[in-house]
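Chemist: These are the residues of each chain, in order.
Protein chains: 2
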Amino acid sequence: MTANLPVIELDGGACCSPVIAEAMDADAAKQLATRFKAVGDPTRLRLLSLVAAHRDHEACVCDLTEPVGLSQPTVSHHLKILVDAGLLSRTKRGVWSYYALVPGALDALADVLRTPTAS
Amino acid sequence: MTANLPVIELDGGACCSPVIAEAMDADAAKQLATRFKAVGDPTRLRLLSLVAAHRDHEACVCDLTEPVGLSQPTVSHHLKILVDAGLLSRTKRGVWSYYALVPGALDALADVLRTPTAS
DNA sequence: TTTGTTCATTGACATCTGTCGATGGATTGC
DNA sequence: GCAATCCATCGACAGATGTCAATGAACAAA
Numbered sequence: 051m052t053a054n055l056p057v058i059e060l061d062g063g064a065c066c067s068p069v070i071a072e073a074m075d076a077d078a079a080k081q082l083a084t085r086f087k088a089v090g091d092p093t094r095l096r097l098l099s100l101v102a103a104h105r106d107h108e109a110c111v112c113d114l115t116e117p118v119g120l121s122q123p124t125v126s127h128h129l130k131i132l133v134d135a136g137l138l139s140r141t142k143r144g145v146w147s148y149y150a151l152v153p154g155a156l157d158a159l160a161d162v163l164r165t166p167t168a169s
Numbered sequence: 051m052t053a054n055l056p057v058i059e060l061d062g063g064a065c066c067s068p069v070i071a072e073a074m075d076a077d078a079a080k081q082l083a084t085r086f087k088a089v090g091d092p093t094r095l096r097l098l099s100l101v102a103a104h105r106d107h108e109a110c111v112c113d114l115t116e117p118v119g120l121s122q123p124t125v126s127h128h129l130k131i132l133v134d135a136g137l138l139s140r141t142k143r144g145v146w147s148y149y150a151l152v153p154g155a156l157d158a159l160a161d162v163l164r165t166p167t168a169s
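Chains as they are written, first to last, in the numbering used here: chain A, 51 to 169; chain B, 51 to 169.
Keep in mind that the hints are not guaranteed to be accurate.
Pairs involving identical chains hold if they fit within one copy or between any two copies, as the list cannot separate such chains.
In silico SDA-like links for lysine to any residue, alpha-carbon gap of 25 Å or less [what the hints assert, rightly or not]: (1) Lys142 with Val118; (2) Lys87 with Gly154; (3) Lys142 with Ala78; (4) Lys80 with Val111; (5) Lys80 with Glu108; (6) Lys142 with Ala160; (7) Lys80 with Gly144.
Everything labelled a hint here was simulated from the structure, so no lab data went into it.
Work out the full structure: start from the sequences and follow the hints.
Modeler: Shown next as structure tokens:
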């Protein structure tokens, strides 16, 4: 599930030669797009950064609302998107919900973007 | 411009300790979000993949409309977003517009996602 | 010139998305 | 039990986004 943008050697004639084999099928694209969309928002990027920078690499909602300057429901909304994308984990301890980076998740996403060593 | 998600060592007391230094400022987040948003769409992911997979690693619009199953204006629209994000380049040759991956652009984006080596 | 092809742009439209205030559940402390 | 805190969810709303049909510019070929 961490395949690169796959390169398939194709040869064709003139313009508009049929690209028979798609390098990435629609389902895989949709899956990946969901994860990238999660990172494609400035607030969520800052949330990821704040969580990573926070003590013990985890943070509760109340740690995050003030730095990003948004309401608590909005922050919870963004965090939910990041959790659904598999980038953050949520752990309830008492009244607090602690969010932390899922180990390897961002790296796996990064690997998808790695340019295949074009021959 | 290829900084990772920066980690700043913070120490605080109880919950809701102020996070003085933000790991990522709002401007940088907005810049990055634009690039990730460009990749956060299944069609655009497929377009990137198709371009990379195509002969000579470039493709014109007419090469791409049929594989993704969308209208020509829509494909042009997506390609423009990818060009604006600095991920694709456009070269006009005769009647055709050839799109190609900008070397290193995707890798630079990938580097941003590198998880800071959590101590 | 005339016809045909490629493609960017425009305008329109439905849907998705980000944001907030309000609400209520869960838990802690008095 | 009662009050306070944290937080997820709901409803609402403005703005962004993806899509298409129509149009026209640029170029090639006849």
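Chemist: Each hint: holds or not?
Modeler: Results of checking the hints against the structure:
1. Taking the shortest Cα distances, Lys142 and Val118 sit within 25 Å of each other inside one copy (22 Å), while across copies they are farther apart (43 Å).
2. Taking CA atoms no more than 25 Å apart as the test, Lys87 paired with Gly154 passes in both settings, with 18 Å inside one copy and 21 Å between copies.
3. For the homomeric pair Lys142 and Ala78, neither the shortest alpha-carbon distance inside one copy (32 Å) nor that between copies (31 Å) is at most 25 Å.
4. Taking the closest pair of Cα atoms, Lys80 and Val111 come within 25 Å of each other only across two copies (21 Å); inside a single copy the shortest separation is 29 Å, beyond that limit.
5. Within a single copy, Lys80 and Glu108 get their C-alpha atoms only as close as 29 Å, which misses the 25 Å cut-off; across copies the closest is 23 Å, which meets it.
6. For the identical chains of this complex, Lys142 and Ala160 are neighbours neither inside a copy (28 Å) nor across copies (31 Å), given an alpha-carbon limit of 25 Å.
7. Taking the closest pair of Cα atoms, Lys80 and Gly144 never come within 25 Å of each other, the shortest separation being 36 Å inside a single copy and 34 Å across copies.
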